[in-house]
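S.K.: In case you want the letters, here they are:
2 protein chains.
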Amino acid sequence: MRWSKAHLFTLKDAPNDAEIPSHKLMARAGMIKKVAPGIYTYGNLALRAIRKFEKIIREELDSRGAQEVLMPMVQPAELWQETNRWKEMGDGLLKFKNRNGHDFCLGATHEEVITDYIRHDIKSYRDLPANLYQIQTKYRDEIRPRFGLMRGREFIMKDAYSFDADEAGALKNYDLMYSAYKAIFDRLGLNYRIVEADAGSIGGSKTNEFQVLADAGEDHLMVCDTCDFAANVEVAPALGQNANEKVKSQKPALLAMEAFATPGLKSIGTLAKSLGVPEQTLVKTMFFSLNMGTDASDVSVKPIAVCLAGDDEVNPIKLKNVLGLSNPPRLLTDQEVKQATGAWPGSCGPVGLSFPVYFDGAIQDFTNFVVGANRDAEHLKNVNIDRDFKVAKFADLRMAKPGHACPKCAKENREGHYQSFRGIEVGHVFYLGTKYSKSMGATYLTADGTPTPIEMGCYGIGVSRTIQAAIEQSHDKDGVVWPHGIAPFDVHIAVLDPDQEEVRQSAEILYRDLQAHGLDVLLDDRDERAGVKFKDADLLGMPLRVNIGARGLKDGIVEVLVRKTRALEKVKAEEATEKIAALLKGIRLGGKA
Amino acid sequence: MRWSKAHLFTLKDAPNDAEIPSHKLMARAGMIKKVAPGIYTYGNLALRAIRKFEKIIREELDSRGAQEVLMPMVQPAELWQETNRWKEMGDGLLKFKNRNGHDFCLGATHEEVITDYIRHDIKSYRDLPANLYQIQTKYRDEIRPRFGLMRGREFIMKDAYSFDADEAGALKNYDLMYSAYKAIFDRLGLNYRIVEADAGSIGGSKTNEFQVLADAGEDHLMVCDTCDFAANVEVAPALGQNANEKVKSQKPALLAMEAFATPGLKSIGTLAKSLGVPEQTLVKTMFFSLNMGTDASDVSVKPIAVCLAGDDEVNPIKLKNVLGLSNPPRLLTDQEVKQATGAWPGSCGPVGLSFPVYFDGAIQDFTNFVVGANRDAEHLKNVNIDRDFKVAKFADLRMAKPGHACPKCAKENREGHYQSFRGIEVGHVFYLGTKYSKSMGATYLTADGTPTPIEMGCYGIGVSRTIQAAIEQSHDKDGVVWPHGIAPFDVHIAVLDPDQEEVRQSAEILYRDLQAHGLDVLLDDRDERAGVKFKDADLLGMPLRVNIGARGLKDGIVEVLVRKTRALEKVKAEEATEKIAALLKGIRLGGKA
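Sequence order for the protein chains is L and Y. Under this note's numbering, the first residue of the first sequence carries the number 10, and numbering increases by one thereafter. Under this note's numbering, the first residue of the second sequence carries the number 10, and numbering increases by one thereafter.
Next up, chain L with everything else stripped away, as it sits in the complex:
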């Protein structure tokens, strides 16, 4: 592409709403332009990266027998009502009526549509397995879109769906997609982790997320420093610092419970200080409602209490899963806590409550501990489980922390501890089971003629998000450093003296020669100063840059610069193509992190 003929404009400053480096860089490089919050036009450079990524995805999926289809973005309510997700998906699903007054939504995901698609075709076990995918534009009405393509409303996604006769087959397809995703993200050259995760509202019992490591990531990951275990903090087991430590078998004698005044001591911190004990020896109590308050016809509070060590935090996803809910329960307001317990937050505890108390496993052996008295400015000491209050369930309800033992290492008798990372979720694989096939009547006949629900899996890659995640992970102060697999162009030629015929000609020859070798080349033939061109080349971040100017050409020389390492080499003009091909090969091979 010749820059002088292209619609390609760089900006000195990023828009005000760009908070993270990748968003700023994409906007400055003209790769995305905001049309509305969370909605962007992709410029040519971004689209080239997207197309390259799509090609990689297609190659890896097609070679594994998946088959591409294309489903619509506008979807009828009837299909979503069959699975009850018309209600369950909440406001993230954008709903509207068409001109005839019929209810539709914009596809945020396609489980319903694909299940409808296959249920008419698949009749017998002979029609299974199947694996269908699409690369398509989706819309989720995010409350607070931000970070550019990272949490946009309209986005490009690859979603695949597998159909099998039984769980064994479904898990085989799961593994196949897992391997495809590994191959895809390896080819991109990204530093990523495959993590344990929560299945969320999509349903399903087995799931992994593919997370690109980057400081601006919205996900918090626990990654083992010894083995390959990694988990989203949402589900990371919290084993404490030493999982293999034996629990003391000798319990101290239970003392008599007594109240004591704690005026002004409303936080665990101040209470610990006043008592002269560490926070982790105190028990704090949090209150949630099982009633989500989303159904206007039932606004009553259905409280539960959750007790955990003073320095731990409740993990809402773990709590949701323990309670068997589809969404995390709602934290009570201060006013609701007062109503439920008789005291304002800070003086509440598990004793004397009329509703269930859930207890974090880390403190299940605590004895003679301190809790709020459910009377303002008063606490209880020497409190004990069973004697003073009943526990509905002990479970791992807390957030894991860096330094906690890795569960895989613990199981295999190794020393291994969590490290904390931020991640950008770019892919996920789900084993769905029969959630959708059962509710939508997608069955097949077994060999003996029994109608049986089809086993399903679903597999997503955030195509547009991955492009930005790659930039978030791979950039420097000057601009983007494209991973080679998705760089919009392989080579960026900076024509330094475009007013000189000889330079223009040499650049043109190199431009054509590189293209003839199958490379994608951006020729900066604009009438601009060298400094401007260098700045723009750094900003756009193609893997290799060629500087071609009058001074070098006098000696038959051009400069080849590796964007990532800034290694600069002077090369004979006639050997430039060969040199560039060799360098790109090296970059490609080095790309596999």
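Worth flagging that the hints you see were computed from the coordinates, not collected in a lab. It cannot be assumed that every hint is accurate.
For chains that are exact copies, the list does not tell them apart, and a pair is met inside one copy or across any two.
Claimed, not checked - Simulated pairs of lysine-lysine, DSS-like, Cα-Cα distance not exceeding 27 Å:
#1 K420 - K215
#2 K106 - K96
#3 K14 - K132
#4 K104 - K43
With chain L fixed as given, assemble chain Y onto it according to the hints.
M.R.: Then chain Y, alone, in the frame of chain L:
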């Protein structure tokens, strides 16, 4: 693709709502499946055809310097309000509120978004020209979607937009896109015409439609039997049977106008019969309202009358253009005619009306003619223009007919007459001028620093519609006959005795060999009878079919069948690939209609 592993199901019967052959065939071949009226999932075969078509489009546009971008489907109301199309587009534009209560629509076209996109970038004449395009999913809330992809609600479109400093530049870009479209549709091997057309609500003054000829087409075309002139009947000039015939200079003497009773004679037909004259010598009068009745605050009727020969029909598009409206005027109801004229339809005419009368050019020289008297069951004879009523304007207001003289031939003193065809509009090119740039403030600075509105053009290709149009034009009683340029597969191998190891092996070798030659191959390796496979192969319609079975292989022979001509050739198995490559080359060359 191996059929045994693919999700590919053919149907014996088409769905009930499929009215035309292409819709039936696409549904039966599993290429499309309805999700909601006008909304389809594309199966793998259709998607392959679409991708091949998109590749052709990209090659032809990129080689002409157009640059691909991707705009969003969800668009904010604000942009559409700037051009007033938020109102003007009516109910075809699907509007909704997002979760924050902001107004959005689904993109039915992208003039507003692209103009917004470039107005921030283009500052000076040096930034022009530009030509940007996208291939994207659009949504139009059609009142009555039908004919499958032909008039769907959700569809795939290629839309391009050009930006120039002046009209000369814009027309150059127009010609460039015109040539690109010719190249694109030539490569598809379609029988199509480039026709004069109405610009419709998009604005603009120069436009051509690319129409694929097919009986099921929704557009009515007038195509010259002598030269290359063709026009949508909406705008086809109506010159009569002999355009070069001299108008009689001698006018007969004007007779005295008189009324006569015509009880029961309410149509031109019965009146002509009663008077014993041909219908074309009578003048009929039609009534329309300039007030469209779309604005609820003003429901008054603003009538006009249109007079034309008894056997002609009013052309609403011509009338719209003569009146300078953006939509055709509304025909009055019988009740409204009665109110406006004093008589029920059948006895109305131009004499004594209090509102404007428009007169078709074909009858401007009529004298002493018969019209309705504006009194029920009464007509007037010996009526004359000017003496008995005033004409607001003479103009070509009627529908052209087959046999009418071709205007281009008439101008160049040739004999040439219209033939009537049906067409499917698959592409259009528009010169827009400054309609959008002016209303949206998209200006550039000229060399002397004057802010000037950018000259625009827009260019569309209905990608999904074209695929079906190709099938509508190219099929037979057994199924699809794919034009080679967009055939999902080049070759269809029917394995006739899949239970025999030798046949399976030979088929496999051929399958791999053809793929190694860069061909797309569908291998029908299902455990089905030969008859089923032949029927399905005919239905799916790939250009070439190879029959490979035990009987032929005994003699080292396979059969190669050309789908279009049904020419069947016995070929040595080891020479099959070479033969197939040669045949495909012939088909490709023959494809340019």
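S.K.: A separate judgement is required for each hint: does it hold in the structure or not?
M.R.: Hints and how they fare:
1. K420 - K215: within (20 Å within a copy, 75 Å between copies)
2. K106 - K96: both (16 Å within a copy, 18 Å between copies)
3. K14 - K132: Between copies, since 15 Å is at most 27 Å while 55 Å is not.
4. K104 - K43: Intra 23 Å, inter 20 Å, cutoff 27 Å: intra and inter.
Checked against the numbered hints given earlier, the structure satisfies every one of them.
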